[in-house]
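Protein chains: 2
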Amino acid sequence: MKSKTVSELLTQNISLTEVEIKGWVRTFRANRFIALNDGSTINNIQCVVDFEKFDESLLKKINTGAAIHVIGNLVESQGKGQNVEIQVTDLKVLGESDPETYPIQPKKHSFEFLRENAHLRTRTNTFSAVMRLRSSLSFAIHKYFNDNGFFYMHAPIITGSDAEGAGEMFRVTSLDAKNPPLNDQGHIDYSKDFFGKETNLTVSGQLEAETYAMSLGKVYTFGPTFRAENSNTSRHLAEFWMIEPEVAFMDLAGNMDLAEDFLKFVISYILTNNKEDLDFLDKRLQDEEKSKPQDQRSDMTLKEKLSFVTENNFKRVSYTEAIDILRESKPNKKKKFKYIINEWGADLQSEHERYLVEKHFKCPVILFDYPANIKAFYMRLNDDGKTVRAMDILFPGIGEIVGGAQREERLEVLKQKMAAINIPEEDLWWYLDLRKFGTATHAGFGLGFERLVMFVTGMSNIRDVIPFPRTPQNAEF
Amino acid sequence: MKSKTVSELLTQNISLTEVEIKGWVRTFRANRFIALNDGSTINNIQCVVDFEKFDESLLKKINTGAAIHVIGNLVESQGKGQNVEIQVTDLKVLGESDPETYPIQPKKHSFEFLRENAHLRTRTNTFSAVMRLRSSLSFAIHKYFNDNGFFYMHAPIITGSDAEGAGEMFRVTSLDAKNPPLNDQGHIDYSKDFFGKETNLTVSGQLEAETYAMSLGKVYTFGPTFRAENSNTSRHLAEFWMIEPEVAFMDLAGNMDLAEDFLKFVISYILTNNKEDLDFLDKRLQDEEKSKPQDQRSDMTLKEKLSFVTENNFKRVSYTEAIDILRESKPNKKKKFKYIINEWGADLQSEHERYLVEKHFKCPVILFDYPANIKAFYMRLNDDGKTVRAMDILFPGIGEIVGGAQREERLEVLKQKMAAINIPEEDLWWYLDLRKFGTATHAGFGLGFERLVMFVTGMSNIRDVIPFPRTPQNAEF
Numbered sequence: 001m002k003s004k005t006v007s008e009l010l011t012q013n014i015s016l017t018e019v020e021i022k023g024w025v026r027t028f029r030a031n032r033f034i035a036l037n038d039g040s041t042i043n044n045i046q047c048v049v050d051f052e053k054f055d056e057s058l059l060k061k062i063n064t065g066a067a068i069h070v071i072g073n074l075v076e077s078q079g080k081g082q083n084v085e086i087q088v089t090d091l092k093v094l095g096e097s098d099p100e101t102y103p104i105q106p107k108k109h110s111f112e113f114l115r116e117n118a119h120l121r122t123r124t125n126t127f128s129a130v131m132r133l134r135s136s137l138s139f140a141i142h143k144y145f146n147d148n149g150f151f152y153m154h155a156p157i158i159t160g161s162d163a164e165g166a167g168e169m170f171r172v173t174s175l176d177a178k179n180p181p182l183n184d185q186g187h188i189d190y191s192k193d194f195f196g197k198e199t200n201l202t203v204s205g206q207l208e209a210e211t212y213a214m215s216l217g218k219v220y221t222f223g224p225t226f227r228a229e230n231s232n233t234s235r236h237l238a239e240f241w242m243i244e245p246e247v248a249f250m251d252l253a254g255n256m257d258l259a260e261d262f263l264k265f266v267i268s269y270i271l272t273n274n275k276e277d278l279d280f281l282d283k284r285l286q287d288e289e290k291s292k293p294q295d296q297r298s299d300m301t302l303k304e305k306l307s308f309v310t311e312n313n314f315k316r317v318s319y320t321e322a323i324d325i326l327r328e329s330k331p332n333k334k335k336k337f338k339y340i341i342n343e344w345g346a347d348l349q350s351e352h353e354r355y356l357v358e359k360h361f362k363c364p365v366i367l368f369d370y371p372a373n374i375k376a377f378y379m380r381l382n383d384d385g386k387t388v389r390a391m392d393i394l395f396p397g398i399g400e401i402v403g404g405a406q407r408e409e410r411l412e413v414l415k416q417k418m419a420a421i422n423i424p425e426e427d428l429w430w431y432l433d434l435r436k437f438g439t440a441t442h443a444g445f446g447l448g449f450e451r452l453v454m455f456v457t458g459m460s461n462i463r464d465v466i467p468f469p470r471t472p473q474n475a476e477f
Numbered sequence: 001m002k003s004k005t006v007s008e009l010l011t012q013n014i015s016l017t018e019v020e021i022k023g024w025v026r027t028f029r030a031n032r033f034i035a036l037n038d039g040s041t042i043n044n045i046q047c048v049v050d051f052e053k054f055d056e057s058l059l060k061k062i063n064t065g066a067a068i069h070v071i072g073n074l075v076e077s078q079g080k081g082q083n084v085e086i087q088v089t090d091l092k093v094l095g096e097s098d099p100e101t102y103p104i105q106p107k108k109h110s111f112e113f114l115r116e117n118a119h120l121r122t123r124t125n126t127f128s129a130v131m132r133l134r135s136s137l138s139f140a141i142h143k144y145f146n147d148n149g150f151f152y153m154h155a156p157i158i159t160g161s162d163a164e165g166a167g168e169m170f171r172v173t174s175l176d177a178k179n180p181p182l183n184d185q186g187h188i189d190y191s192k193d194f195f196g197k198e199t200n201l202t203v204s205g206q207l208e209a210e211t212y213a214m215s216l217g218k219v220y221t222f223g224p225t226f227r228a229e230n231s232n233t234s235r236h237l238a239e240f241w242m243i244e245p246e247v248a249f250m251d252l253a254g255n256m257d258l259a260e261d262f263l264k265f266v267i268s269y270i271l272t273n274n275k276e277d278l279d280f281l282d283k284r285l286q287d288e289e290k291s292k293p294q295d296q297r298s299d300m301t302l303k304e305k306l307s308f309v310t311e312n313n314f315k316r317v318s319y320t321e322a323i324d325i326l327r328e329s330k331p332n333k334k335k336k337f338k339y340i341i342n343e344w345g346a347d348l349q350s351e352h353e354r355y356l357v358e359k360h361f362k363c364p365v366i367l368f369d370y371p372a373n374i375k376a377f378y379m380r381l382n383d384d385g386k387t388v389r390a391m392d393i394l395f396p397g398i399g400e401i402v403g404g405a406q407r408e409e410r411l412e413v414l415k416q417k418m419a420a421i422n423i424p425e426e427d428l429w430w431y432l433d434l435r436k437f438g439t440a441t442h443a444g445f446g447l448g449f450e451r452l453v454m455f456v457t458g459m460s461n462i463r464d465v466i467p468f469p470r471t472p473q474n475a476e477f
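Keeping their order, the protein sequence lines are chains B and V. Here the first sequence is numbered in this note's numbering, starting from 1 and rising by one per residue. Here the second sequence is numbered in this note's numbering, starting from 1 and rising by one per residue.
Hints were generated in silico from the structure; no laboratory data involved. A few of these clues could be false.
[Claimed, not checked] Chain B side only, calculated, beta carbon under 10 Å to chain V, not exhaustive:
| no. | residue |
| --- | --- |
| 1 | Val19 |
| 2 | Phe170 |
| 3 | Met418 |
[Unchecked claim] Here are some chain V residues the structure puts well away from chain B; computed CB gaps all over 12 Å:
| no. | residue |
| --- | --- |
| 4 | Glu8 |
| 5 | Lys80 |
| 6 | Phe111 |
| 7 | Phe170 |
| 8 | Ser174 |
| 9 | Ile188 |
| 10 | Lys197 |
| 11 | Leu271 |
| 12 | Phe280 |
| 13 | Arg316 |
| 14 | Tyr339 |
| 15 | Arg470 |
Computed from a prediction, not measured in an experiment: that's the story for all the values here. The C-beta atom is built at its ideal place from N, Cα and C for all residues, glycine as well.
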């Protein structure tokens with residue numbers, strides 16, 4: 001007899017069959033009903049024990065968190081809440097769990113407590129649901145790109161190029177920390193370091209992805225990226241995963257089409273394939289919302305937010321138009337925004353993005369043609385000389401979820417933009433080469449994976465959607 | 001009219017249709033035949049130009065590497081070597097490529113030269129084929145695990161735990177490199193560093209994956225790992241990707257079943273889905289082999305090696321048996337091995353592994369039950385007290401491709417093994433917790449992704465199967 005998973009048993013039609021299963025005890029009620037979970041699904045299987053047939057000493061070990069091995073008959077359930085249950089004929093305890101010391105008791109734990117026990121938190125319903133959804137989303141992303149002719153590309157993690165300027169970087173080194181070698185000028189002699197130069201953890205794989213787009217056509221990255229920024233907020237991680245597609249011969253309009261199609265696909269995939277985990281998280285969020293003051297509650301449930309994305313066309317609005325709308329908006333005139341919009345050129349905040357999505361357009365919004373001076377050097381300059389072909393996609397509740405652009409493909413314009421912010425040409429010789437040899441229109445975008453997982457799971461702290469979060473003062477596990 | 005890819009056009013049946021395509025010129029022959037490639041396939045599409053209808057100045061720009069935009073009629077080809085071709089009606093040069101300076105000319109370049117131009121090397125047949133295969137293999141891996149109920153888990157890259165001992169680590173830091181803060185004892189004060197402690201780049205996600213296996217049941221990692229080892233060989237990288245499945249309630253036999261099934265699936269996937277790239281690389285390898293002395297040539301072609309894996313049962317042999325076979329083998333007795341096998345306890349080298357696979361058993365081999373003292377502390381000790389439930393899978397040409405084990409699930413035994421190699425319990429308190437609360441048999445394995453890509457592509461230098469290799473003295477791009 002081969003062991004089955006709980007997920008397999010609960011979807012199995014055959015009853016009165018002898019089955020074997022291993023898992024962890026969630027609860028043991030009335031010395032009779034074991035709720036058993038093995039992580040394969042949010043649901044437990046009920047194992048019914050006839051306590052007269054088993055040693056009391058054995059039954060005493062059936063505590064929350066214990067690993068057990070059950071053999072029994074799968075039958076239609078007599079009770080409510082489940083279709084089938086196991087009438088236990090044989091029972092072994094594989095690993096005990098002392099109820100006095102086991103941290104994950106069958107009660108509500110604070111997320112902060114569970115973060116401190118991140119190695120055990122996936123033994124709870126909420127975190128197992130979140131991490132199954134995270135896994136399913138990852139697969140949906142790979143599937144979308146694979147089905148659409150993209151090649152997955154592993155951008156380097158350790159980088160010798162510090163030109164992207166997306167943020168503070170972590171240094172990667174093998175030098176003696178206390179007595180590093182110095183050169184004649186008294187500076188650190190990085191030529192003696194492992195890579196013969198100063199190296200850091202990447203902040204983005206985009207520039208490298210562009211080299212692959214300009215040869216393989218359609219590519220994407222999906223890997224870890226890093227920021228050494230001392231931001232202790234519920235939206236920032238020092239280590240997070242990013243998805244960055246990059247496509248040759250694609251312009252900004254094509255980029256918008258791609259991003260919209262991609263987001264709709266992955267969210268539809270979750271709605272279809274992860275119903276039970278979504279139902280659980282939807283209900284969890286509704287319970288959480290009830291404890292908030294009325295004016296801070298969300299207008300939409302979790303599943304309503306997801307359908308809002310899959311069922312609406314994304315409205316495409318230029319930055320300039322958006323500024324006009326915001327300037328004339330009620331919250332701006334009544335000074336309800338924390339940051340009042342006065343002038344063209346202002347950087348939009350989350351409150352403005354959410355206003356556009358949730359109040360004004362009532363659909364996901366793609367803003368494009370941003371002022372050049374608030375966007376990165378590699379974005380394609382428009383003929384007006386002051387805007388670039390950038391786009392941000394705005395979602396309800398969360399604001400910006402995707403940032404992208406058509407890239408500057410003209411060698412001379414790119415050189416000027418680099419010079420203006422003091423990036424030496426020799427630092428990005430290989431990036432410039434793409435504009436010297438067979439240059440062409442190309443575009444791409446970046447999506448912070450954890451932002452997407454937060455949106456899909458309804459979790460409000462980014463530390464709760466990645467297995468072991470890295471934040472200032474915290475690299476436990 | 002929507003642009004098509006070369007791959008789409010070559011598999012299209014409709015002829016005499018007007019088509020539009022963008023790509024890069026591979027060659028331009030007789031002022032008439034453009035071989036155009038866009039990375040979607042190893043094949044080029046032939047674009048036939050009637051030079052009398054186009055300006056000479058335009059045609060002069062049709063050089064290798066130039067990006068062009070072609071409109072024309074897709075017709076049955078008159079010439080050999082292709083079924084369809086495009087009779088060009090309109091032609092634009094999007095980005096020129098100066099033949100005097102463009103590095104990737106239509107001739108044979110050394111792999112060393114191409115490594116120095118890694119940003120352009122996927123514009124060659126060999127590297128585009130390798131990287132498409134790498135992408136396809138990645139997808140096959142995700143698909144296998146997803147289809148079999150595994151959850152993908154992102155193990156942390158930055159780690160505060162240095163207990164795994166798999167190799168030298170890179171330090172990750174934000175401290176001032178030249179004047180780091182010191183504590184009262186004159187040591188570096190890592191409490192002032194970003195994470196409040198000393199941190200490094202991970203060498204393996206296994207220990208963290210175990211925490212997820214012991215809650216979600218079946219999980220796997222697929223992410224970058226690092227070694228700060230000064231190994232300048234064709235088999236070592238400082239940064240490489242690793243796949244690490246980990247399964248609760250699975251023993252060593254189950255681990256062998258899983259690894260064999262997994263490897264057969266991903267290699268079959270490639271054989272089915274990547275025929276053209278494989279054919280090209282198979283031929284490339286045969287050409288390369290011809291230049292070698294007879295006795296160094298492989299007995300098998302690339303595709304024969306792949307079928308050798310998919311069509312044979314993997315032979316399961318204990319380490320002890322393998323030592324007996326090797327000790328009695330001809331190359332051992334005739335001292336043809338570089339390392340002569342004399343005693344039980346010897347660490348096997350690639351020459352021994354390959355002998356077992358290629359000469360003795362003539363099939364992939366799984367060795368198991370290794371001496372405890374040559375394997376890691378977390379492997380399950382057998383009742384003999386001197387071997388552990390470890391396994392290595394050996395492939396032709398390459399030797400070890402997978403290393404795995406059943407894990408030590410007994411708290412007291414694990415503590416003793418940690419104490420013996422001076423790992424403080426407080427460093428791995430969370431790992432020990434898995435044995436305190438609901439412990440159970442579990443097992444998993446690790447597969448170096450680049451090793452697998454080498455095996456599948458027939459490339460002999462690991463630097464040629466990852467986009468931008470990181471090795472001692474090299475972190476370019």
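Evaluation of the provided hints:
1. With its C-beta approaching chain V no nearer than about 14 Å, B:Val19 sits outside the 10 Å limit, and its interface hint is violated.
2. Using the Cβ-Cβ criterion of 10 Å, the hint placing B:Phe170 at the interface with chain V is satisfied: the shortest such distance is roughly 5 Å.
3. Nearest Cβ of chain V to the Cβ of B:Met418: about 17 Å, over the 10 Å cut. The hint is violated.
4. With a cut of 12 Å on Cβ distances, V:Glu8 falls inside the contact zone with chain B, its closest approach being about 8 Å.
5. The beta carbon of V:Lys80 sits about 26 Å from the closest Cβ of chain B, which is more than 12 Å, so the claim that it is off the interface holds.
6. No beta-carbon of chain B is positioned within 12 Å of the beta-carbon of V:Phe111; the least distance is around 16 Å.
7. Taking the minimum C-beta to C-beta distance to chain B, about 5 Å, the non-interface status of V:Phe170 is violated against the 12 Å cut.
8. The beta carbon of V:Ser174 sits about 5 Å from the closest Cβ of chain B, which is not more than 12 Å, so the claim that it is off the interface is violated.
9. With a least CB separation of 5 Å from chain B, V:Ile188 falls inside the 12 Å interface cut-off, contrary to its annotation.
10. Residue-level check failed: V:Lys197 sits 6 Å from the nearest beta carbon of chain B, not beyond 12 Å.
11. Annotated as non-interface, V:Leu271 keeps its C-beta farther than 12 Å from every C-beta of chain B; the closest such distance is 17 Å.
12. For V:Phe280, the shortest C-beta to C-beta distance to chain B comes to about 15 Å, beyond the 12 Å cut-off, and the non-interface label holds.
13. Remark: the non-interface label on V:Arg316 is consistent with the geometry, its nearest Cβ contact in chain B lying 19 Å away (cut-off 12 Å).
14. In this structure V:Tyr339 is separated from chain B by more than 12 Å, as the shortest Cβ-Cβ distance comes to about 29 Å.
15. At the 12 Å boundary, the C-beta of V:Arg470 falls inside the reach of chain B, the nearest C-beta of that chain being 5 Å off.
Of the numbered hints stated above, those contradicted by the structure are hints 1, 3, 4, 7, 8, 9, 10, 15, listed in ascending order.
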